[in-house]
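Line order of the protein sequences matches chains A and B. According to our numbering, the first sequence is numbered sequentially starting from 1. According to our numbering, the second sequence is numbered sequentially starting from 1001.
Accuracy of the hints is not assured; some may be wrong.
FRET-style restraints, in silico, Cβ to Cβ [said to hold, decoys possible]:
1) 1079(B) <-> 140(A): 53 to 63 Å
2) 1064(B) <-> 72(A): 54 to 64 Å
3) 124(A) <-> 1147(B): 20 to 30 Å
4) 1114(B) <-> 67(A): 23 to 33 Å
5) 1097(B) <-> 166(A): 34 to 44 Å
Keep in mind the hints are simulated off the structure, nothing from the lab. Where a beta carbon is used, it is the ideal one built from N, C-alpha and C, also for glycine.
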Amino acid sequence: MAEPALAVSREGDQTIVRLSGQWTLAHLSSAPVLPVMLEGSLVMDGSSLAGLDTSGAHRLISLLRQSGIALETVQMRGMSPKASQVWALVADRLRLTEGAESVKPQGLLYQIGLGTAESWHHLTGVTAFIGRVVTEWLGLFRRPGAFRMKEFTVQLESVFVYAIPIIFAMLFLLGVVFAYLMGVQAQKFGANIFVVDGVAAAILREISPVIVAILIAGRSGAAMTAQLGTMKVNEEIDALSVLGLSPYGVLVLPRILALLLAMPLLVFIGDVAGLLGGMLVAKTQLGIEFSQFWDRLDSVLKMKTLLLGLFKAPVFAVFIGLIACRMGLSVSRDARSVGANTTSTVVQSIVAIIVLNAMFAVAFSDIGI
Amino acid sequence: MPAQPMNESVIEVENIVTRLGGALIHDGVNLSVRRGEVTALIGGSGTGKSVLLKEIIGLLKPQAGMIRLFGQDVWNVNESGLMALRRRFGVLFQDGALFSSLNVEQNVALPLLEHTKLPPDECLELARLKIVLAGLPVSAGIKMPSELSGGMRKRAALARALALDPELLFLDEPTSGLDPISARAFDRLIRLLSDSLGLTVFLVTHDLDTLLTMVDRIIVLAHGKVLGQGSVEDLRKIDDPWLRDYFSARYSEEQA
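Isolated chain A, as found in the complex:
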């Protein structure tokens, strides 16, 4: 009873298709196919039809079409008023679905062109963005009162204060690993004390600035893009502009400046954590007392090693801030774009950090520091 079925019979020169059962979406998977051999005029008899919905009507019309029967020539009889209404609506509207296009996969040339156009768009967007940020920043010198102190402190809290535990823990562990690996090598030569030189130089000059920057890019950069992007989706950015407030002054500058201040501080905390980790391993694995470690550190560690690491931090901070805010503000009005731009912020930031760090390494060695 419930299953949709049809029976074909002949009455004179007419072909009768008798429908029965539920021609509804829930029962459709088992719907029968229409025999191909049909002659003369076709009559559809719905007197024993238990139910018909738009999906059922669609399936019936498709069957008729597959058998090469024009819908207009089909006569209906015995249909309930409701079923004939559904049939009429679907038969009427189905004509409109003809000529539907499907999404065509585009060729290589198209992709290259699109990529080029997008890169160009991105480049001009970045240039305009940096221009706006610098203009706003210069404007602060003329009107220092316009600086958003509250937003700045809120950002500083989330970028700096809440990042301290994770930065400390990560750099401490990296100090432990680094001292341990160097210790294994140094022990072979009885050169235990030189582990101090190695750990100090590596942590302060390279590891702490780069790892802190990567952590902040993943932690704060992603958060900034997601927040600004959601504000863009909610039209909050437009609302700010209309209220006569610059989104750059209110949102972007405080974020970049908070990063600028937080990063060197965090790198310093990372330096301390890394050295503590190194000291711990030096004592337990290599038998170097804390006082010995400290003396050695005092004699070999030059001020410039510390300063080089700290100098890199604000440069990384500016790049993370610019990338995060730019990607946040360039979100288009849908959820997918927020996700894509947040990912892009993290990837771009990390690439920028690694490339900049390589450039610094080459530049510093060229000028002999």
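Using the hints, position chain B against chain A.
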């Protein structure tokens, strides 16, 4: 469908009590909706219309009371029972809630692909049928939701709500954010679908024109209870300040 009597209650709400964050929203709401009827729920801002809608479709649990859809207690069925129940109704959310990473066709085809065993080609054809039934050109199918205007977005969302050929359709402020012409066209579309497909429609609205043109019965929610129900004429007789204000401005114009 034809076997079921037309006066059967599709939605039954009994003594619903809702507290949200300490505030008492509903204090014993009772209502029922019969099969094939277009019923509108109205009420001032903050009277809990949308909250009641969420409770009926099983998204938010009321503190007390019973809600039955098609005779089944929504808050007392197991997970699979609720899923089966949900396949029998469609919901049009206020801003459409189209999935922004899928195009319109894929949005509409999604419930078909997930809940039926039909081949993907037929799902896509059915999705296109639903798109034209909702009054969109079939070429809109390959557009992304972010490329649609407000009115088209509503229609696309309606197409998705109709995807599984539901018996019952919930609409949350279907005409909000539409211009008067699109809003009236949308009303006519809902009425046409309701009449020709035998759909039961339950809508939350603020739009007086919707009430005057396409609704069979109006239910007024105020002070945590159902204040009254019936046609616009019936509601005019109720002595309530909010209801008087609501009808007075426009209705006197219509009469003049």
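Numbers of the earlier hints that this structure fails to satisfy, in rising order
When the structure is compared with the hints, none of them turns out to be violated.
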